[in-house]
Amino acid sequence: MDIGSAVGRELGVTEEQLRELPRYRESAAFSEEERLAIWLAEEMAETPVEIPPELSMKLRRHFDEAQLVELAAAIAWENYRARFNRVFGVRPVGFSGGDFCVLPERPAGDRE
Numbered sequence: 001m002d003i004g005s006a007v008g009r010e011l012g013v014t015e016e017q018l019r020e021l022p023r024y025r026e027s028a029a030f031s032e033e034e035r036l037a038i039w040l041a042e043e044m045a046e047t048p049v050e051i052p053p054e055l056s057m058k059l060r061r062h063f064d065e066a067q068l069v070e071l072a073a074a075i076a077w078e079n080y081r082a083r084f085n086r087v088f089g090v091r092p093v094g095f096s097g098g099d100f101c102v103l104p105e106r107p108a109g110d111r112e
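For the sequence shown, our numbering begins at 1 and goes up steadily by one.
Keep in mind that a hint or two might mislead.
Okay, the calculated beta carbon distance ranges per label pair [unchecked claim]:
#: 1; residue 1: V87; residue 2: E32; range: 33 to 41 angstroms
#: 2; residue 1: V93; residue 2: P53; range: 39 to 47 angstroms
#: 3; residue 1: V93; residue 2: E65; range: 17 to 25 angstroms
#: 4; residue 1: E32; residue 2: L11; range: 12 to 20 angstroms
#: 5; residue 1: E32; residue 2: F88; range: 30 to 38 angstroms
These are computed hints drawn from the structure, not numbers from a lab.
The beta-carbon is built from N, C-alpha and C at its ideal position, and this holds for glycine as well.
All chains should be built: construct the whole structure from the sequences, respecting the hints.
Below is the structure:
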């Protein structure tokens with residue numbers, strides 16, 4: 001929930017990056033490595049998880065095996081946490097001051 005943006009700020013995520021997250025693929029606010037990590041997070045949030053070969057190839061060019069394991073574990077943990085919170089209707093509690101709780105842009109009817 002809102003703790004993600006609060007922790008992100010502590011770790012160096014900028015306000016611009018929070019605003020630009022829905023447009024990360026074309027935004028200059030993100031490095032190539034950050035774009036790849038966000039893309040991986042998007043793919044890992046889908047059911048079933050299917051990582052496109054193009055993404056796998058690019059990830060291996062930018063990250064070593066240990067970095068990929070750590071990245072995938074962090075994404076999996078956040079995905080678990082988000083799904084768990086959803087079951088119990090956990091709402092933002094003020095960690096980010098209500099400034100950001102970015103949800104990806106998704107066309108209406110894109111859910112099954």
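Quick rundown of the hints versus the structure:
no.	hint	result
1	V87 <-> E32: 33 to 41 angstroms	35 angstroms, holds
2	V93 <-> P53: 39 to 47 angstroms	40 angstroms, holds
3	V93 <-> E65: 17 to 25 angstroms	37 angstroms, violated
4	E32 <-> L11: 12 to 20 angstroms	19 angstroms, holds
5	E32 <-> F88: 30 to 38 angstroms	37 angstroms, holds
Of the hints listed earlier, the one the structure fails to meet is number 3.
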